[in-house]
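*Asks:* Okay, here's what each chain looks like letter by letter:
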Amino acid sequence: MSTKDIIDTLAGIEPGSALDTIRARRLQARENAQKSYLSLFEPIDAGEFSLAERAAVAAFVTGLHGESPVAAFYREKLAANADGAALIEAITAEIERGKTSGPYGAFPAGPLSIENKAGLIYRVSAERKAVLGARLVAAFEHAHLLVFRPRDAASSDMKALLAAGWSNTGIVTFSQLVAFLSFQLRVVSGLRTLAATNA
Amino acid sequence: MSATVNPPVVFTQDELGWVSWIDPLPEVELTERHFNGLVDRARAKSEYFRLLVRDPEVLEARTKTDKDIFYNVADGLPRAERELAAAATSRYNGCIYCASVHARFASTYSKRRDDVQRMLDEGVGADLGERWNAVVKASVALAATPIAFGPDNIAELRRAGLDDAEIVDVINGASFFNWANRLMLSLGEPSK
Chain A
1 MSTKDIIDTL
11 AGIEPGSALD
21 TIRARRLQAR
31 ENAQKSYLSL
41 FEPIDAGEFS
51 LAERAAVAAF
61 VTGLHGESPV
71 AAFYREKLAA
81 NADGAALIEA
91 ITAEIERGKT
101 SGPYGAFPAG
111 PLSIENKAGL
121 IYRVSAERKA
131 VLGARLVAAF
141 EHAHLLVFRP
151 RDAASSDMKA
161 LLAAGWSNTG
171 IVTFSQLVAF
181 LSFQLRVVSG
191 LRTLAATNA
Chain B
1001 MSATVNPPVV
1011 FTQDELGWVS
1021 WIDPLPEVEL
1031 TERHFNGLVD
1041 RARAKSEYFR
1051 LLVRDPEVLE
1061 ARTKTDKDIF
1071 YNVADGLPRA
1081 ERELAAAATS
1091 RYNGCIYCAS
1101 VHARFASTYS
1111 KRRDDVQRML
1121 DEGVGADLGE
1131 RWNAVVKASV
1141 ALAATPIAFG
1151 PDNIAELRRA
1161 GLDDAEIVDV
1171 INGASFFNWA
1181 NRLMLSLGEP
1191 SK
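Chains as they are written, first to last, in my numbering: chain A, 1 to 199; chain B, 1001 to 1192.
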């Protein structure tokens, strides 16, 4: 029987349940999914990417996936952050503006071009740029690309983040955070679905 | 730097390189903290890992999650089908680099190179037989945003003979590649 970790909490897995037993067979994966979460949200050094920014990006990214226990969890994390709480209204409005269906985007020009799929190129609304600030505006626009159209990514997107004040190391941690949430959301959704079929 | 990049324009099982768009750490600047993050010291030779090691704690946890999901075959889903889930996810999201690595692994472990290539050529709708179709379909449903994975996917995987532990391996393998694809696609590009 294991102590509940964040995935258990979000997926509603109880110690001693069938899914707890299955997860225990991949102990290293279980422990390191937890360590990934902790190193992103309780880092040793948040100098390049503040805790408020992490909470804001997480609330935005999980919200873009639709309402879920994961989205609620990260919204609460943002609300609990002294600098983050003031952003909730703006982020909720931006989530609504950014919601769409993915993955879409373009392939490198060639035989795959017939699979290109057009979709929303999200930009933060002018009225909310001031409250979010230049760093988060750039982060949200890039996070939306990562969530819905990762194959559109180009070197110019890195330049946009650098120009908005993100460092190389900050970009790495920010990209890891968005990509990790893409993983965590899916594991939680998958395990919840599996548990429900056995209920 | 960009003068030497020769990006592939189709999905392939060939070995590809990968070139970073921002600055990896120089090898000479790596400390013990970084080597712990790399997990395998040999990864210091890779531009991709020397970039990710800018956040060593996240990289270490990510690497160990990855290795257990794919390499721990003590029980559960055969390695070939975990790699198939990774390759299908990458094909659907559009990560040519990730697809090349994991299609190659899927071919090696399954001995079904032609079927794997068909998925790369035709896309995730290619007919690969009941069991592989169920794994591919589940992976694609998980990769969609909003997530489209549902009870029908579970039922299909069960009909194809997977038990719950094996289904969890599909969920983990496919979900992990939604992490990997986004890093590989956005921090740099593949090169032939």
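Among the hints, erroneous ones may be present.
[As the list claims (entries may be wrong)] The list that follows gives simulated cross-link-like pairs (lysine-lysine, DSSO-like), each with its CA atoms no further than 27 Å apart:
hint: 1; chain 1: A; residue 1: 99; chain 2: A; residue 2: 159
hint: 2; chain 1: A; residue 1: 99; chain 2: A; residue 2: 4
hint: 3; chain 1: B; residue 1: 1111; chain 2: A; residue 2: 117
hint: 4; chain 1: A; residue 1: 35; chain 2: A; residue 2: 4
hint: 5; chain 1: A; residue 1: 99; chain 2: A; residue 2: 129
hint: 6; chain 1: B; residue 1: 1192; chain 2: A; residue 2: 159
hint: 7; chain 1: B; residue 1: 1067; chain 2: B; residue 2: 1137
hint: 8; chain 1: A; residue 1: 117; chain 2: A; residue 2: 159
hint: 9; chain 1: B; residue 1: 1137; chain 2: A; residue 2: 99
hint: 10; chain 1: A; residue 1: 35; chain 2: B; residue 2: 1064
hint: 11; chain 1: A; residue 1: 35; chain 2: A; residue 2: 117
hint: 12; chain 1: B; residue 1: 1045; chain 2: B; residue 2: 1067
hint: 13; chain 1: A; residue 1: 4; chain 2: B; residue 2: 1067
hint: 14; chain 1: A; residue 1: 117; chain 2: A; residue 2: 99
hint: 15; chain 1: A; residue 1: 4; chain 2: B; residue 2: 1045
hint: 16; chain 1: A; residue 1: 117; chain 2: A; residue 2: 77
hint: 17; chain 1: A; residue 1: 159; chain 2: B; residue 2: 1045
hint: 18; chain 1: A; residue 1: 35; chain 2: B; residue 2: 1045
hint: 19; chain 1: B; residue 1: 1137; chain 2: B; residue 2: 1045
hint: 20; chain 1: B; residue 1: 1192; chain 2: B; residue 2: 1045
hint: 21; chain 1: A; residue 1: 35; chain 2: B; residue 2: 1111
hint: 22; chain 1: A; residue 1: 117; chain 2: B; residue 2: 1192
hint: 23; chain 1: B; residue 1: 1067; chain 2: B; residue 2: 1192
[Stated by the list, open to error] If you want the footprint, here are the derived chain B segments under chain A, 3+ residues with CB under 8 Å:
hint: 24; stretch: 1033-1044
hint: 25; stretch: 1136-1150
[As the list claims (entries may be wrong)] Chain B is nowhere near these chain A residues, computed Cβ spacing over 10 Å in every case:
hint: 26; residue: 23
hint: 27; residue: 43
hint: 28; residue: 50
hint: 29; residue: 83
hint: 30; residue: 92
hint: 31; residue: 118
hint: 32; residue: 153
hint: 33; residue: 179
Note that these hints are calculated values from the structure, not bench results. The C-beta atom is built at its ideal place from N, Cα and C for all residues, glycine as well.
*Asks:* Give a verdict on every hint.
*Replies:* Taking the hints in turn, this is what the structure says about them:
| no. | hint | verdict |
| --- | --- | --- |
| 1 | 99(A) <-> 159(A) | holds, 25 Å |
| 2 | 99(A) <-> 4(A) | violated, 31 Å |
| 3 | 1111(B) <-> 117(A) | violated, 33 Å |
| 4 | 35(A) <-> 4(A) | holds, 13 Å |
| 5 | 99(A) <-> 129(A) | holds, 18 Å |
| 6 | 1192(B) <-> 159(A) | holds, 24 Å |
| 7 | 1067(B) <-> 1137(B) | holds, 23 Å |
| 8 | 117(A) <-> 159(A) | holds, 24 Å |
| 9 | 1137(B) <-> 99(A) | holds, 23 Å |
| 10 | 35(A) <-> 1064(B) | holds, 10 Å |
| 11 | 35(A) <-> 117(A) | violated, 36 Å |
| 12 | 1045(B) <-> 1067(B) | holds, 19 Å |
| 13 | 4(A) <-> 1067(B) | holds, 22 Å |
| 14 | 117(A) <-> 99(A) | holds, 16 Å |
| 15 | 4(A) <-> 1045(B) | violated, 37 Å |
| 16 | 117(A) <-> 77(A) | violated, 34 Å |
| 17 | 159(A) <-> 1045(B) | holds, 25 Å |
| 18 | 35(A) <-> 1045(B) | holds, 25 Å |
| 19 | 1137(B) <-> 1045(B) | violated, 36 Å |
| 20 | 1192(B) <-> 1045(B) | holds, 18 Å |
| 21 | 35(A) <-> 1111(B) | violated, 35 Å |
| 22 | 117(A) <-> 1192(B) | holds, 25 Å |
| 23 | 1067(B) <-> 1192(B) | holds, 26 Å |
| 24 | 1033-1044 | violated (count 0) |
| 25 | 1136-1150 | holds (count 8) |
| 26 | 23 | violated, 7 Å |
| 27 | 43 | violated, 7 Å |
| 28 | 50 | holds, 14 Å |
| 29 | 83 | holds, 21 Å |
| 30 | 92 | holds, 17 Å |
| 31 | 118 | holds, 14 Å |
| 32 | 153 | violated, 4 Å |
| 33 | 179 | violated, 4 Å |
The structure fails hints 2, 3, 11, 15, 16, 19, 21, 24, 26, 27, 32, 33 (numbered hints given earlier, in ascending order).
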